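Chemist: Residue-level listing of the chains:
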Amino acid sequence: MKKLLSVFRKEMLLLMRDKSGLTMLFVMPTLLIVISSLMQESGWNSLNKNASVKVLFVDNDHDSLGVKIRSGFMNSGSFVVIDSLNRQPLTASMAKEAVKTGDYLIAIVVPQGATKTMRANVRLSVAKTLAGFGIGNAMLLNGVVFRDSVDMTLYFDPTVNRAFKNGLISSVRENYYKIQSEWVFKIFNQEIAAQMPLYKPPKEGFREVLRFREEFPSYREVELIPNSSQHNVPAWTIFAMFFIVIPLTQSLIQEREGGSLFRLLTMPVPYMTLVMGKVMVYLVVCLLQTAAMLMAGIFLLPLFGLPALVVGNNIPALFVITLVTAMASVGYGLMVGTIANTHQQAAAFGSISVIILAAMGGIWVPVYMMPPTMRAFAMLSPLNWAITGFYNIFLRGGNLLQIAPQALKLCLFSLSTVVVTSLVHKYKKGVNS
Amino acid sequence: MSRQPIIEIRELTKIYKGAGEPAINGISLDIFPNEIFGLLGPNGAGKTTTISILCGLFSATKGSVLIDGLDSYTNPEQIKQMIGVVPQDLALYPTLTGRENLTFFGNMYGLRGPALRDRINHYLGVFGLEKHANRLVSKYSGGMKRRVNLIAGLLHDPKIIFLDEPTVGIDVQSRVVILEYLKELNKRGITIIYTSHYMEEAEHLCHRVAIIDRGNIISLGNPADLLAGHPEFKSLEHIFIHLTGKDMRD
Chain A
8 MKKLLSVFRK EMLLLMRDKS GLTMLFVMPT LLIVISSLMQ ESGWNSLNKN
58 ASVKVLFVDN DHDSLGVKIR SGFMNSGSFV VIDSLNRQPL TASMAKEAVK
108 TGDYLIAIVV PQGATKTMRA NVRLSVAKTL AGFGIGNAML LNGVVFRDSV
158 DMTLYFDPTV NRAFKNGLIS SVRENYYKIQ SEWVFKIFNQ EIAAQMPLYK
208 PPKEGFREVL RFREEFPSYR EVELIPNSSQ HNVPAWTIFA MFFIVIPLTQ
258 SLIQEREGGS LFRLLTMPVP YMTLVMGKVM VYLVVCLLQT AAMLMAGIFL
308 LPLFGLPALV VGNNIPALFV ITLVTAMASV GYGLMVGTIA NTHQQAAAFG
358 SISVIILAAM GGIWVPVYMM PPTMRAFAML SPLNWAITGF YNIFLRGGNL
408 LQIAPQALKL CLFSLSTVVV TSLVHKYKKG VNS
Chain B
416 MSRQPIIEIR ELTKIYKGAG EPAINGISLD IFPNEIFGLL GPNGAGKTTT
466 ISILCGLFSA TKGSVLIDGL DSYTNPEQIK QMIGVVPQDL ALYPTLTGRE
516 NLTFFGNMYG LRGPALRDRI NHYLGVFGLE KHANRLVSKY SGGMKRRVNL
566 IAGLLHDPKI IFLDEPTVGI DVQSRVVILE YLKELNKRGI TIIYTSHYME
616 EAEHLCHRVA IIDRGNIISL GNPADLLAGH PEFKSLEHIF IHLTGKDMRD
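Going down the list, the protein sequences come from chains A and B.
Quick note: to get my numbering, add 7 to the position in the first sequence (first position is 1).
Quick note: to get my numbering, add 415 to the position in the second sequence (first position is 1).
If you're looking for bench data, these hints aren't it; they were derived computationally from the structure.
Because the structure is a prediction, the values reported are computed rather than measured.
For glycine and all other residues, C-beta sits at the position ideal for the given N, C-alpha and C.
Under 7 Å between C-beta atoms, here's a sample of chain A residues computed to sit facing chain B:
(1) Gly266
(2) Ser267
(3) Phe269
(4) Thr273
(5) Met274
Could you put together the complete structure from these sequences and hints?
Modeler: Given below as structure tokens:
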């Protein structure tokens, strides 16, 4: 035990004096959390009032439809509507050019006579329907046809995300149908009143009956609203924990190449004691990283105008998921450090493999946004198990029971890395001795 | 010198996996207590392999090693406690101070507290490192590093010390201090097994030397006897070249 503590102390001293290693372990993830949260905030926060996407709006209609679609965008809070460039009223060709050059991402052109066309079509639909009831003069409708549909033109920059594009088109379409419904209701009443003098139109106008209420079901009493902080803090903390592979492998290989391991193996100390001393130090580092990142989430992010991280009350669950993630990351580092023969191999394989596991595991892009094949692969990444565990706590208010599946997977992963490490060590010892 | 050997090597053979030829090929050797024994040979001769087996790092393919009567295969822990190893590489942590390095290695031998502190201070004094004890090893000169490297193998007062090229690449002053201290240790009854490329150094330091090449002992005896047996050569180095050839080794 005393020898183990001596190894622990030595490793701690070595790490404390490795300034670049410490920067990578603590400063890098903090910066990543702040930068990523700032970048993603408007995307995550549905309640965000700071409009960010600029939409070029060309209203050639100059009537109700154009006005309503414009006000629909303005009221959404997600868009800034621009209808002039260089103090010149915007035209369709100017808008197209501005999107083509990449100065703007989106432009919408409401065509001339759009309102008139829509109104005429609505009126005709109503008239034909009433004619079926014998109301109105059916003879007048003979030969009258619907006008061509209204062609609303939307220009998109090629970089615009498909989901965002679909959302925008849906928004325009929603506004259109809303206006159309109002007119159908209004014209129906007008026509019936004209034909049936005793008819009294309802005092209330057309009312929408379908409204949406957003809720995020969780195990907590108080509802949690997902935001960039709730995602980025655990995501980058896990990423940083797994990046421990770099200093850990460097430490292992440096000891091996420098000859210290040779000397240590001639001393009356078991190899496992030497390894466990390292493991303990890096487990402590992972726990400190998590504590530092949570503090950054709670205290630092609000300084940048970002929502503070809500940790919640489930500290035991948080501790368990942090510990098993740390075990998995240290085990992974140990395995890579034992397999790799040189610093270069360890650094290249270690960093690239962590980046791949992170990308695959939903650290950068949520898993639900991935194609089905990638979603299946995501389930294989230990970083995915870890982030799911953290989500269960931070977003769903889960407790120990809710994180148990992920904790178990991470435990088994950590155990398997120890087994592989041991086998590789034995194999290498066999080859060299 | 006592007739009972402290190290008995019998038919020791080591064949590395995948290697065609044995690294050491059935060597037998007795090393006696209080002896300074030189293991000399060109690169790849089998010196480091022999020392590694004696230190318990590798197991032999064939043969046996008894150290102070203990089988190296079945009693590695007791043997590790009685031997001190000074590797050829500067097996130190550059970002720890000299004192921190020595404290750590002392701890690994089970030493701690005031006893360890006193020993460290004693050796730092002997090797002229007291003033530099709290500096990082990365700031040390080559000679200072070699001296710390040596101290780390002596801290626990071993009965047998294995020294692999302990004076390679250092200044004359450091070399003199190290060699003088090795003689002093030997006077205290410590057995020293020593490898070197410096034949003159071995000639003056060692009671006996074994010249080893391609895994075989090709000459064994005390330097004076070897020189007497080859009157045509003026020094051990000439005998060494004569026995091992002028071909450069990898």
